[in-house]
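If you're matching them up, the sequences are chains L and F in order. Counting from 30, one number per residue, gives the positions in the first sequence under the working numbering. Counting from 127, one number per residue, gives the positions in the second sequence under the working numbering.
It is worth saying that the hints were derived from the structure and are not from the lab. All C-beta atoms, glycine included, are put in the ideal place defined by N, C-alpha and C. Check the hints yourself; a few may be wrong.
[Unchecked claim] Pair by pair, the computed Cβ-Cβ distance ranges are:
(1) L:393 to F:165: 39 to 45 Å
(2) L:289 to F:135: 19 to 25 Å
(3) L:173 to F:135: 30 to 36 Å
(4) F:206 to L:85: 32 to 38 Å
(5) L:231 to F:135: 21 to 27 Å
(6) F:166 to L:376: 38 to 44 Å
[What the hints assert, rightly or not] Distance condition first, Cα-Cα at most 16 Å in a straight line; then the derived EDC-like pairs of lysine to aspartate or glutamate:
(7) F:128 to L:399
(8) F:156 to L:372
(9) F:156 to F:177
[To be verified] Computed, partial: chain F to chain L, Cβ under 7 Å:
(10) 133
(11) 139
(12) 171
(13) 185
(14) 186
(15) 191
(16) 192
(17) 193
(18) 202
(19) 208
(20) 211
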Amino acid sequence: MNEITGYERKDGRFGIRNHVLMLPAVSCVNGVIHRISREVPEAVCFPHAYGCGRGGPRDLEILSRIFSGLIHHPNVGGAVIIGLGCEIFNTKSLLPLIRDAGKPIEVFNVQEDGGSLKTTEKGIAAARRILSEVGSQPRTALPWDKLMVAMECGGSDAMSGVTANVAMGAVSDWLVEKGATVIFGENTEMIGTAHVLARRAKNAKVAKQIEEMIERAEKLTREVMGDLASLVISPGNMDGGMSTIAEKSMGCIFKGGTTTINQVVDYGEASSEHGLILQDGPGYDGDSMAGLAASGSQLMFFSTGRGTPAGFPALPVIKVASNTRIYEAMKDDMDVNAGSLVEGQPLNGLRVEMIDLMTRVINGEKTKAEVNGMDVFTLMTVHPPF
Amino acid sequence: MKDNILIIHPRDNVAVALRTLGGGELAVAKGIEGLRALEEIPASHKIALKDISKGEEIIKYGETVAVSTRDIKKGEWVHTHNLESKRWKK
């Protein structure tokens with residue numbers, strides 16, 4: 030029961046997908062990535078808006094951690110990286126970080142490889158080579174303790190914290206019991222809950238990290254939003270019945286379940302512990318997903334009440350609707366209807382249904398976001414561009 | 127009769143409407159008797175389970191999520207018009 034398989038990587042981790050990743054080092058060459066993608070649609074394309082124009086140490090640290098985390102990601106079997114040449118974080122800075130990745134990686138630079146069209150041709154050939162190389166790798170038994178599952182919520186309504194996040198929390202507890210790792214972030218959505226989360230920390234050090242993380246998030250929110258700080262929840266959230274950030278936060282942290290918090294990691298940073306992990310990352314869905322993915326999670330649950338179709342390029346994302354209305358209205362985007370809880374389905378029944386679906390998705394069944402190609406890739410930045 | 131509100135935690139002084147309740151409609155949940163919506167409560171919004179005085183904490187999930195800015199009657203809609211964030215005063 031609940032046997033799972035995956036692709037064993039040289040670093041000992043397991044992927045549940047075997048993607049070839051196509052990553053531009055800088056936004057200037059997104060067009061090359063798009064052209065390659067049209068010829069080789071099986072490869073997973075990661076266009077983005079970054080790679081240059083932000084030279085501060087924190088922005089560079091985030092960029093290198095996210096790019097390196099995605100290239101090393103266990104769901105990635107190989108990669109084609111396209112650089113420009115003069116960007117601040119160019120492929121020469123990236124190469125030392127990925128030398129030990131233990132997977133086929135080919136790197137091209139538009140300024141050295143004869144312009145965009147010639148680089149496209151080289152990229153197409155490389156993507157096809159790597160696809161055929163990784164395509165023969167078989168799936169083998171995947172131990173649950175090699176699995177890391179991310180819990181995310183976005184486009185929330187008041188039911189997100191009552192149905193979907195409660196059900197995801199029950200799945201989180203089940204996964205931790207199985208020896209797996211569960212990670213969630215969105216520090217702005219923890220504001221007002223420091224006392225609740227710190228109570229559950231493994232030790233005083235982790236409790237202090239939790240308090241400091243939430244205090245920083247709160248301070249930053251106040252600095253940026255001023256008098257509007259109490260409105261950090263979106264107008265859509267308010268229409269959905271949530272009145273304050275603390276109310277939204279309580280519903281948000283439910284999705285991580287009730288187990289001990291073993292570690293706090295930085296944005297995009299890998300964890301060294303199992304069990305429940307918190308990530309010091311932002312609440313914005315796209316940025317948050319990139320951080321959780323770069324940390325090495327192979328799979329994500331994503332609850333939504335207002336309804337967002339967003340998925341992530343290398344990660345199966347299971348969308349959990351918090352209410353039956355949005356599940357029906359966006360049926361092509363939703364994998365689970367947690368609205369069934371208010372119609373009398375017991376929580377345990379929904380939990381079992383979600384664990385069965387998760388098992389099938391790990392073993393290869395595509396989620397709605399995967400089928401529809403609803404890929405979103407953005408990442409956190411801390412300074413404006415120069 | 128089917129429940130139309132949900133009380134998440136026994137400490138809570140507000141409940142969540144599972145569907146839009148009309149003004150005067152009876153609110154139904156286990157352990158609740160004679161609670162009527164005094165006005166329309168939109169689906170997934172909060173209804174006061176008891177009289178809440180001005181300055182009193184709004185409790186949901188068993189935790190404080192806001193503070194009332196005026197007296198709120200049992201059965202009233204509880205939202206941004208009659209509460210404020212405890213941490214960030216409006």
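Verification of the supplied hints:
{"no.": "1", "hint": "L:393 to F:165: 39 to 45 Å", "in the structure": "violated (51 Å)"}
{"no.": "2", "hint": "L:289 to F:135: 19 to 25 Å", "in the structure": "holds (21 Å)"}
{"no.": "3", "hint": "L:173 to F:135: 30 to 36 Å", "in the structure": "holds (31 Å)"}
{"no.": "4", "hint": "F:206 to L:85: 32 to 38 Å", "in the structure": "holds (37 Å)"}
{"no.": "5", "hint": "L:231 to F:135: 21 to 27 Å", "in the structure": "holds (25 Å)"}
{"no.": "6", "hint": "F:166 to L:376: 38 to 44 Å", "in the structure": "violated (29 Å)"}
{"no.": "7", "hint": "F:128 to L:399", "in the structure": "violated (37 Å)"}
{"no.": "8", "hint": "F:156 to L:372", "in the structure": "holds (14 Å)"}
{"no.": "9", "hint": "F:156 to F:177", "in the structure": "violated (19 Å)"}
{"no.": "10", "hint": "133", "in the structure": "violated (10 Å)"}
{"no.": "11", "hint": "139", "in the structure": "violated (13 Å)"}
{"no.": "12", "hint": "171", "in the structure": "holds (4 Å)"}
{"no.": "13", "hint": "185", "in the structure": "violated (10 Å)"}
{"no.": "14", "hint": "186", "in the structure": "holds (6 Å)"}
{"no.": "15", "hint": "191", "in the structure": "holds (4 Å)"}
{"no.": "16", "hint": "192", "in the structure": "holds (5 Å)"}
{"no.": "17", "hint": "193", "in the structure": "violated (9 Å)"}
{"no.": "18", "hint": "202", "in the structure": "violated (13 Å)"}
{"no.": "19", "hint": "208", "in the structure": "violated (9 Å)"}
{"no.": "20", "hint": "211", "in the structure": "holds (4 Å)"}
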